[in-house]
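Visitor: Sequence:
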Amino acid sequence: MRLPALLLALTLSSTSVLAGGVEVVRLLPEYMPAAAFDRVSEYFTNKENTRGATIIRTQPASREGFYFNFRAKTDTAIEVAWLELQIITPASTEVRTESFAVSLPKGSHYIQLGLTGKDWPGPKARPVAWKLRMLSSDGAELATQQSFLWSKPDAPAAPKAE
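Mapping the sequence shown onto this note's numbering, position 52 (from 1) lands on 54, and the numbers just tick up by one.
It cannot be assumed that every hint is accurate.
Claimed, not checked - Capping the alpha-carbon separation at 27 Å, the derived lysine-lysine pairs in DSS-like fashion look like this:
| no. | residue 1 | residue 2 |
| --- | --- | --- |
| 1 | K120 | K49 |
| 2 | K108 | K126 |
| 3 | K75 | K108 |
| 4 | K75 | K120 |
| 5 | K108 | K133 |
| 6 | K133 | K120 |
| 7 | K49 | K108 |
| 8 | K126 | K154 |
In short, the hints are calculated from the structure, not lab data.
All of these numbers come straight from a predicted model, not from anything done at the bench.
Full structure from sequences and hints, please.
Guide: Next up, the structure:
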């Protein structure tokens with residue numbers, strides 16, 4: 003009985019929201035060491051080889067951190083969109099919000115959004131809960147994804163002692 007419920011929960015948490023012609027596909031949150039970004043071509047060119055992906059980091063000089071890797075599919079090119087990440091980390095119960103401007107070409111495009119350097123506590127840390135929204139330049143929500151825990155309501159208040 004628990005296995006079907008788990009499979010259903012995983013399926014629902016991995017579905018994407020289609021709004022305004024934008025779809026977030028296969029979002030994978032994971033910790034990535036700096037070595038995961040090393041490419042042979044970098045030794046010859048002294049430039050990071052992104053393999054055509056958009057890589058956004060909170061600390062651009064640091065590659066190691068916790069990344070939200072996903073593919074965005076759009077019906078039309080979007081010159082300016084905003085990625086808004088709301089996250090609760092193991093270091094604090096407060097919601098932290100990060101926003102980044104991004105351009106999206108028509109079709110499918112791979113994006114890696116990373117909390118890097120001093121912005122992530124380390125390789126063993128995992129987010130408590132998170133929500134990723136893609137917004138148009140005027141602030142309209144184009145797509146959203148969130149962790150299971152983000153969707154849970156607040157705990158009921160404890161009864162007051164009289």
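Visitor: All the hints need checking, so say for each whether the structure fits it.
Guide: These are the hints, each one checked on the structure:
Taking the CA atoms of K120 and K49, the gap is about 23 Å. The hint holds against a cut of 27 Å. With a C-alpha separation of about 36 Å, the suggested pairing of K108 with K126 is violated against the 27 Å cut-off. Taken as a hint, the K75 and K108 pair is honoured in the structure, with Cα atoms around 7 Å apart against an allowance of 27 Å. At roughly 31 Å between alpha-carbon atoms, K75 and K120 are farther apart than 27 Å, so this suggested pair is violated.
A hinted pair counts as satisfied when its Cα atoms are at most 27 Å apart, and K108 with K133 qualifies at roughly 24 Å. Proposed proximity of K133 and K120 is supported: the alpha carbons are some 21 Å apart, at most 27 Å. A hinted pair counts as satisfied when its Cα atoms are at most 27 Å apart, and K49 with K108 qualifies at roughly 26 Å. Note on K126 and K154: the hinted pairing holds, with a Cα-Cα distance of about 24 Å set against a maximum of 27 Å.
Hint violations for this structure: numbers 2 and 4, all remaining hints satisfied.
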